[in-house]
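Novice: Listed here are the chains, written in short residue letters.
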Amino acid sequence: MLDQMSAGGPGGMPAADLDRVFQALADPGRRLMVERLSQGPASVSELGRPLAMSLAAVVQHVQVLEASGLIRSQKTGRTRTCSINAAALRSAESWIAERRALWERRLDRLGDYLADAAEDANEDEENP
Amino acid sequence: MTERSVNHTTFVIERTYPASPAKVFAAWTDAAAKTVWMDDPDYKSDGTPFELDFRVGGRERFGGLNPDGTSYRYDAVYYDIVPDQRIVYSYEMYSGEDRMSVSLTTVEIVPDADGTKLTYTEQGAFLDAIDKPEARGEGIAWMLDNLTTFLAKEK
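One line per chain: the protein sequences are A and B, in this order.
Under my numbering, the first residue of the first sequence is numbered 1, with each subsequent residue one higher.
Under my numbering, the first residue of the second sequence is numbered 1, with each subsequent residue one higher.
Source of the hints: derived by calculation from the structure; they are not laboratory data.
Note that the coordinates shown come from a computational prediction; the quantities given were computed from them, not determined experimentally.
Where is the CB? At the ideal position from N, CA and C, for every residue including glycine.
Any given hint might turn out to be false.
Capping the alpha-carbon separation at 20 Å, the derived lysine to aspartate or glutamate pairs in EDC-like fashion look like this [claimed, not checked]: (1) B:K117 to A:E123; (2) B:K23 to A:E98; (3) B:K23 to A:E123; (4) B:K44 to A:E98.
These stretches of chain B come out as covered by chain A in the derived footprint (C-beta under 8 Å, 3 or more residues) [to be verified]: (5) 6–12; (6) 21–29; (7) 37–43; (8) 114–122.
Quick list of simulated restraints, FRET-style, between CB atoms [claimed, not checked]: (9) B:R86 to A:P50: 18 to 26 Å; (10) B:G57 to A:R80: 58 to 66 Å; (11) A:M53 to B:V102: 43 to 51 Å.
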């Protein structure tokens, strides 16, 4: 954990831990599915409706999302219902990465603040 | 019932600023300066005053709103202060009444050919990966934003 966080992924993401999630979300169709599921549970066929793809392809995408831990699914009779796995989205790794990102932004703003302060000091010297 | 968990994590952030160590250090000691650069558009103020008693044993407190609209609170204690060189403090973060983390932060300030190198090291105990349903949408939006950045850098 320490090494992964210290090595730091882009934007402060712990690269190794979130690789599967990133892979799952790298596909625009799967992103649409995740966005749809963030509104509430849906069946596999409901998920496929806005997408121009076969049911078999939709099932494959659902399997990738499920393997990443982003979603869960449950079969009742003939219908497979999918739901978002909120724990995966607000996992410890994700909010620690969020904390890191917050401090990255703060330290960037500290740089802006120091640059502004230096500029003001220069102006004061020019116009005493 | 809250599921209990502890995640111990250390993260390190380095920055180099074209300014003297004294100027960089001063930005951490002065409440007016710190308010400017600590302020984050995603973590809005809720009007809680920013308190900074910058001395060993002194406290620092502020609060505001998380991206999901819930309130957060920051409470720090300073342990070690070496002017222009080092600051060590601990801080707690609360989301509402839940303590989210307790961290030890070390800020090292070292002169560098380009000005000053700052190393921020946070060693934290992150408690009970708090999951609030209202945070889901924000969590997804945040994840997708990071994905976009990640993919842009991969190219």
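Novice: Compare the structure with each hint and give your call.
Specialist: Against the structure, the hints come out as follows:
no. : hint                        : verdict
1   : B:K117 to A:E123            : 25 Å, violated
2   : B:K23 to A:E98              : 28 Å, violated
3   : B:K23 to A:E123             : 17 Å, holds
4   : B:K44 to A:E98              : 15 Å, holds
5   : 6–12                        : holds (count 6)
6   : 21–29                       : holds (count 3)
7   : 37–43                       : holds (count 6)
8   : 114–122                     : holds (count 3)
9   : B:R86 to A:P50: 18 to 26 Å  : 55 Å, violated
10  : B:G57 to A:R80: 58 to 66 Å  : 59 Å, holds
11  : A:M53 to B:V102: 43 to 51 Å : 48 Å, holds
Checked against the numbered hints given earlier, this structure breaks hints 1, 2 and 9; the rest are met.
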